[in-house]
Amino acid sequence: MELIFSLSQPGRAAHAQIPEGNVVTSGLPEHLLRDVPPALPELSELDVVRHYTRLSQQNFSIDTHFYPLGSCTMKYNPRVCNSLAMLPGFIDRHPLAPEDTGQGYLQSLHELQELLADVTGMAAVSLAPMAGSQGEFAGVAMIRAWHDSRGDHARREIIVPDAAHGTNPATAAMCGYTVREIPTDAGGNVDLEALRAAVGPQTAGLMLTNPSTLGVFEQKIVEIAAIMHEAGGLLYYDGANLNAILGRIKPGDMGFDVIHINLHKTFATPHGGGGPGSGPVGVSARLLPFLPVPHIVRHGNQYRLADEHDFPQTIGRLSGFHGNAGVLLRAYTYARMLGSAGFERVSQYATLNANYLMTRLQQAGFDLAYPERRASHEFIITLKRLKDETGITAMDFAKRLLDYGFHAPTTYFPLLVPECLLIEPTETESKATLDAFVDAMVAVAGEARTSPEMVKTAPHRLPVRRLDDVRAAREPNLAFRE
Amino acid sequence: MPFIPHTEQDVAAMLAVIGADSPDRLFDEIPAGLDHRSDQQTAPALNEMQVTRLMNARAARDAQPLNFIGAGAYEHHVPAAVWQLATRGEFYTAYTPYQAEASQGTLQLIYEYQSMMTALTGMEVSNASLYDGASALAEAVLMAVRVQKGASNRVLMPKTVSPIWRKVIHTLVKNQGIELVELGYDAATGTTPLPENERDFAALVVPQPNFFGQLEEVDQLTDWAHQAGGQVIAVVNPVSLAVLKPPGQWGSRGADIAVGDGQPLGAPLSNGGPYYGFLTCRQSLVRQMPGRLVGATVDLDGKTGYTLTLQAREQHIRRAKATSNICTNQGLVVAASTIFMSLVGPQGLRGMALQSWRNTTDLINRATGLPSVQRAFAGTSFHEAVLRFDRPLAPVLKSMRADGILAGLDLGRDYPELGPALLVCATETKTGEDLQQYVDALLAAMERV
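Line order of the protein sequences matches chains A and B. Residue numbering for the first sequence follows this note's numbering, beginning at 1 and increasing consecutively. Residue numbering for the second sequence follows this note's numbering, beginning at 1 and increasing consecutively.
Treat the hints as calculated values from the structure; they're not laboratory data. Since the structure is predicted, the reported quantities are computational estimates derived from the model, not experimental observations. Some hints could be false.
To be verified - Each computed DSSO-like pair below joins lysine-lysine, with the alpha-carbon atoms no more than 30 Å apart:
(1) B:K174 with A:K456
(2) B:K149 with B:K321
(3) A:K384 with B:K159
(4) B:K159 with B:K149
(5) B:K167 with B:K149
(6) A:K387 with A:K456
(7) B:K303 with B:K167
(8) B:K174 with B:K149
(9) A:K387 with B:K303
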């Protein structure tokens, strides 16, 4: 589509959006002023509304398409959660306004803290982190603060499995740690012997996702926790896959000392084309003093924001104000609509859908990465055999699926399974949708044999055909210029 | 079952295909001792009508007084079209555009956003957003140290940068051995003097307008830092850039990195979030940038399209060696902001900036008409300014609060050396009557306390 800049006409404006009043700069020092107005587009209101409405129609989204993107939990985002978070009492409040003007908001968030602590089995939860990766940062920073508070400065290393999300090692590095990777065994579990060999007085902690990014439950979790705790390290739970166990198993019971939760996955807040997310952190009792601030506390029926004065050992602040407050209200609304029984249903039906889809695809001739294992809420198929036979890669396959009106699963992650598709249907999809997806998968596999050139040049029915990523990186064009 | 579509027949048919006799069977790989379903506190589910009633009541309790607080979050008018468009399902429920061909809406929008932010800041490249202004400044500090290849880990941080932001930066960079050197301010002007005794630093941070609303001498500061061999990180309010000199033109070479909070461009105050952080820089620094970047390219037919690019900087490729751990950012707020900038255009943004400046100036003039209230600083303030009182502030604020006015931010805790000092802000949303109401309430307060 044309860029918004090419619709611009000098002298045009959305006049209803221009403040009244005389706009002269006399009184401001000349040498601090800009000489040329910024090159923003000049448009009517209808120009803008039509352009962005049309642009939106070039997206796949949960509201328009099945979106089985593994590890991202693309479930339905209830509309009411948005409309209630946008009520004037909530969106018009300044974050530094006195606390007596925000009791409805603070009460909702305090209840969210309690509810998340209960469902994860942790002593307390902080809502401060603005995304999963910031939750990871807060968690690992607390691990470091705990070791430091004991004078144990020798612990310089964080262990991560080779299947971990890239944010895990990147976070450890941001907290000043070196990273040691340990391998996965043939069954998809952490290699316990390798873990035993890796731990020592240098070990600060282990970051683990359970169920893992391989779509299977880490069966030796209790032993892993024991190995780590005996070595003096702490256990970090990456909550990316909490949807698989919500309301059924608590990370606290598995031995985790600190966790983060992705509200934009498990608690149905929108992914928004890449944020805003929210990544609350939960801790066991020994890490309580280090929680990030502000933290919401209750005195009788009054709520307030506790800060550095209440938590002198806190790892500190993560955002200018209170984290992604509006996202937290959406998650709270969703949680209240589910109730306790609803939490358990989430993991039950997410798991049912994943295992059904996995079985159907296996029966249709696809190769599972871990055929002996149950799926958690997601699972991996490998297209290595198809590639060997036809030259069609996982990327080609994914692009052709788009033509059938399905967003592609996650491709090439985890890195240790060749030509993989990581598929997560979520609990909000119906059997009919899953069946239609199986039909499309079978159709594409057939096309890979009968018309491979067509698959290699897919997609064919979208606003653009396959894009040249190499050119984008070699000759970066990152902004429009007149 | 809210949001779960399965009928009993569906479940039976699906279990039959799987070959399991019950849904619980699907969890049989999990050690039995870990199943703690019975431990959950029981909270009843609310239907949509019930939860609406609950949240309406809570939001109604939070109905807001007339607000004159800024301090990093600014009340501006947000056109109705902004969030109606941004919350269209196609924007609201899409994810990070990994499948570019199925995400051209989000990708082109981000490319347009990047273009607008480079225009506004006068810099060459912009990323797709960071979490908020404070964390964007922390990322800029880390980036500047990387650019200098570890030659120095000291970053000069004026006290005229928001005190909360300085705390956030400390949290985010302290474990990487970076030293934040605090620079004092001139007591008369509330601005940062040239730190001429400083040598050996990676970067100087320059806020404009600064936390007190005062205008810094950005050209001098920029040239001084460059001559001393450091980078310059500009911290700017995006609305003010409709009028003020953009960081790309500061001094003889321009700032190297510019950051700020995007909230004033279309995000409601909303208790502090979600907002977003912007980060723009010189082209030559692009490979050291954190966060997502969108680039234009062509498809198989030579048609223009957009895709995520230069991903070799990022955590999902580089892992422990990435420029940042950031993954998801604040995409939806960026969508709102891009629509906002398109709607207000250069003329509307200039009107917002100048009306805010004019209203704040007007408020200051009216307030300092009272004998016990003075301006704290000489020099020029923009759309915020500091008032100094001759008596303790708490009872004054309490009295004005009772009259329905949030009078400003008490600076006593973060700047005790100023004495009773109040940071006030009147944006274009305030009318002459609002300002009079403020002054009447202030006068009443002074008589009461």
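Going through the hints against the structure:
{"no.": "1", "hint": "B:K174 with A:K456", "result": "48 Å, violated"}
{"no.": "2", "hint": "B:K149 with B:K321", "result": "14 Å, holds"}
{"no.": "3", "hint": "A:K384 with B:K159", "result": "58 Å, violated"}
{"no.": "4", "hint": "B:K159 with B:K149", "result": "26 Å, holds"}
{"no.": "5", "hint": "B:K167 with B:K149", "result": "25 Å, holds"}
{"no.": "6", "hint": "A:K387 with A:K456", "result": "11 Å, holds"}
{"no.": "7", "hint": "B:K303 with B:K167", "result": "47 Å, violated"}
{"no.": "8", "hint": "B:K174 with B:K149", "result": "18 Å, holds"}
{"no.": "9", "hint": "A:K387 with B:K303", "result": "29 Å, holds"}
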